[in-house]
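Residue numbers (the numbering used here), protein chains in the order written: chain U, 40 to 324; chain D, 22 to 339.
Derived by calculation from the structure, the hints in this document are not laboratory data.
Since we're looking at a predicted model, the values are computed, not measured.
Beta carbons are placed, not taken as given, at the ideal position from N, Cα and C, and that holds for glycine.
Take the hints with a grain of salt, since some may be wrong.
Stated by the list, open to error - So, partial list: chain D residues that the calculated Cβ filter (under 7 Å) puts toward chain U:
(1) 35
(2) 71
(3) 88
(4) 91
(5) 92
(6) 96
(7) 115
(8) 294
(9) 295
(10) 316
(11) 318
Okay, here's what each chain looks like letter by letter:
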Amino acid sequence: MSALLASTRAELLRLRRWPALWVLLGVWITLNLTFVYGFNYIAYRTGDASAVTEGVPPQALLADMLPTAVPQSVIQGMPMFGGAILMILGALSAGSGYGWGTWKTVLTQGPGRVAAFGGTLAALALVVIGVVLATAAIDLGVSSVLAVVESQPLEMPPLGELAEAVGAGLLVLGMWTAAGVLIGVLTKSPALAVGLGLVWALVVENLLRGVSDLLGGMATVSDHLPGTAAGSLVGALGARGEAEGDGTPGVLTVLDGGTATWLLAAYLVAFAVVGLMLVRRRDLA
Amino acid sequence: MTTDRLTKRYGDRLAVDAVSLSVRRGEVYGFLGPNGAGKTTTLRMLLGLIRPTGGRATVLGMAPGTPSALARIGALVEGPGFYPYLSGRYNLRVMAHYQGLADSSVDAALDRVDLTGRGRDKFRSYSLGMKQRLGVASALLGDPDLLILDEPTNGLDPAGMADMRSLVVDLAAGGQTVVLSSHLMVEVQEICDRVGVIAAGRLVAESTVADLRGASVVLLRAEPLDLALAVAMRVGGDDAVEVVDRVRADAPYGGGLRLSLDPSVVPALTRELVADGVNVLEIRAVERSLEEAFFEMTGPGVRNAGIPTPLETLEVSR
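Based on the sequences and whatever the hints tell you, model everything.
Next comes the structure, spelled out in structure tokens:
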């Protein structure tokens with residue numbers, strides 16, 4: 040246990056000094072703010088019928104930007120964009136250790152393979168928790184300012200709804216991070232891991248979902264892919280899905296919330312366990 | 022540290038073939054062999070980084086790679102592996118955290134390898150020599166009983182090599198057991214107590230440096246040769262003296278005598294020769310270099326393992 044704690048501390052120390060981590064988190068926060076508030080606010084103020092907000096009445100636009108909509112706005116970008124970014128982080132964290140030779144150096148320090156890899160997972164879990172909480176806090180802050188500026192009642196979202204959103208965010212981002220770590224371990228190369236992971240998350244899953252209508256039986260498979268589960272959980276919590284035209288890409292309504300939650304948790308655990316087994320058994324040559 | 026018929030097979034290729042060696046507490050053990058002979062693979066097995074295909078190993082009385090064994094081992098294997106974006110000091114702090122050590126151990130280790138002044142610079146910006154030294158510093162963290170250094174002078178300039186060797190000698194003087202792999206005979210000859218010679222995955226010899234090199238000889242060039250021969254036989258005995266065509270490889274002139282005697286005989290022998298009216302042109306004691314011993318042991322069969330013979334080198338350069 041103490042070895043796991045020591046490994047987590049060590050990994051946190053090197054993660055928080057890693058420019059790549061802050062770049063990725065900065066990109067995520069920027070994406071979230073731009074798509075939830077930036078474009079919508081410009082469209083609302085100018086009455087401009089842009090491609091993104093076409094046909095949406097201004098009042099609906101404003102409602103989406105108020106604090107009561109934060110539970111949805113925090114998580115709507117997570118199934119596809121936030122997930123992809125955190126998967127990159129996971130893939131880089133695990134994969135670059137092979138190229139840099141740091142896995143070798145770390146393992147010769149004697150924490151044991153399980154503790155060393157567990158420390159990496161634990162440190163990344165703390166990063167994910169930080170990302171979700173920070174996103175929620177920033178969105179609450181920005182939406183409150185907007186409410187005041189637009190002279191709207193400053194009404195906070197129900198705490199239960201906010202907690203649900205945070206939980207869903209943790210599951211979705213956690214699952215994608217674990218997926219990234221697993222690909223990083225499998226490929227032993229950060230570049231290959233990031234490339235393959237992105238192709239899977241952004242292209243292959245979408246293609247499979249497209250093909251599933253044509254092939255019998257494919258639907259069962261494509262309905263239970265990691266991205267589908269992530270999108271369905273977020274969709275079940277009230278975020279507008281991609282099928283609605285003005286919704287966020289990646290948000291789906293394929294599975295119900297309960298099924299999606301269990302499936303996500305199962306994927307998260309499976310990715311972590313398979314990664315752990317690989318690290319434990321494989322030669323580090 | 023002992024290994025018993027330790028073997029690692031990659032597909033059809035035997036990287037390490039039944040290597041049985043033993044390292045005693047407190048000694049500097051040289052692990053000598055050409056590139057690709059299986060040195061690093063053996064060391065990786067001793068650290069638990071890779072699993073042996075066969076055989077057994079015991080390190081500090083424990084199975085290799087267990088946390089309790091690794092806690093008492095410091096290692097630098099196949100080049101230093103650190104986070105390029107972190108400073109040298111931060112890299113060591115991360116590794117110290119992994120061992121559960123306090124940050125104070127980091128400063129001591131940096132100081133030991135003369136990197137205190139550059140500790141705040143990024144690892145990425147280090148020269149190869151500094152990277153190697155940081156690798157040794159991380160091996161020193163936690164004051165281990167056993168140090169495993171895999172080619173620590175690889176890629177260093179002559180000054181860096183000399184520094185690294187004196188560091189290893191210092192460490193050994195402090196009582197730490199050091200296992201040092203190298204493909205450089207001079208290095209091993211200079212700083213090691215005992216040597217294991219590995220070629221093409223097999224341990225071909227294990228002994229002290231002195232034993233491997235064998236006894237030294239005395240070479241004599243003198244005129245007239247027959248008179249010198251008679252005097253030498255009188256001093257050293259009939260069997261110890263041998264007439265050779267050339268006493269030195271780099272000079273075409275004259276034959277001489279090769280005496281299998283201890284160098285301490287030189288003054289007495291010289292007096293006798295002069296007293297008998299022999300003109301002494303040259304007399305010197307010669308030690309066989311480890312390199313000669315090494316080529317003798319490994320023989321032509323393993324030359325393909327990576328050491329070019331002078332003739333091959335010549336042909337390539339043509």
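### Query
Is the shortest C-beta separation between residue 316 (chain D) and chain U less than 7 Å?
violated (29 Å)
### Message
Next item in the hint list is residue 88 (chain D). Is there a CB on chain U closer than 7 Å to its CB?
### Response
holds (5 Å)
### Message
The hint names residue 318 (chain D) as touching chain U; please verify it with the least Cβ-Cβ distance against 7 Å.
### Response
violated (28 Å)
### Message
Min Cβ distance, residue 115 (chain D) to chain U: is it shorter than 7 Å?
### Response
Because about 5 Å separates residue 115 (chain D) from the closest Cβ in chain U, which is inside the 7 Å limit, the hint holds.
### Task
Let me know if the C-beta of residue 295 (chain D) comes in closer than 7 Å to any C-beta of chain U, holds or violated.
violated (62 Å)
### chain U contact restraint for residue 294 (chain D) - C-beta distance below 7 Å
violated (59 Å)
### Message
Take the shortest C-beta to C-beta distance between residue 92 (chain D) and chain U; is it under 7 Å?
### Response
Because about 5 Å separates residue 92 (chain D) from the closest Cβ in chain U, which is inside the 7 Å limit, the hint holds.
### Query
Is the shortest C-beta separation between residue 71 (chain D) and chain U less than 7 Å?
holds (4 Å)
### Query
Is the shortest C-beta separation between residue 91 (chain D) and chain U less than 7 Å?
holds (3 Å)
### Message
Just to be careful: measuring from the Cβ of residue 35 (chain D) to every Cβ in chain U, is the smallest value less than 7 Å?
### Response
violated (15 Å)
### Interface hint for residue 96 (chain D), Cβ within 7 Å of any Cβ on chain U
Given a least distance of 4 Å, the restraint on residue 96 (chain D) holds.
Of the hints listed earlier, those the structure fails to meet are numbers 1, 8, 9, 10 and 11, in rising order.
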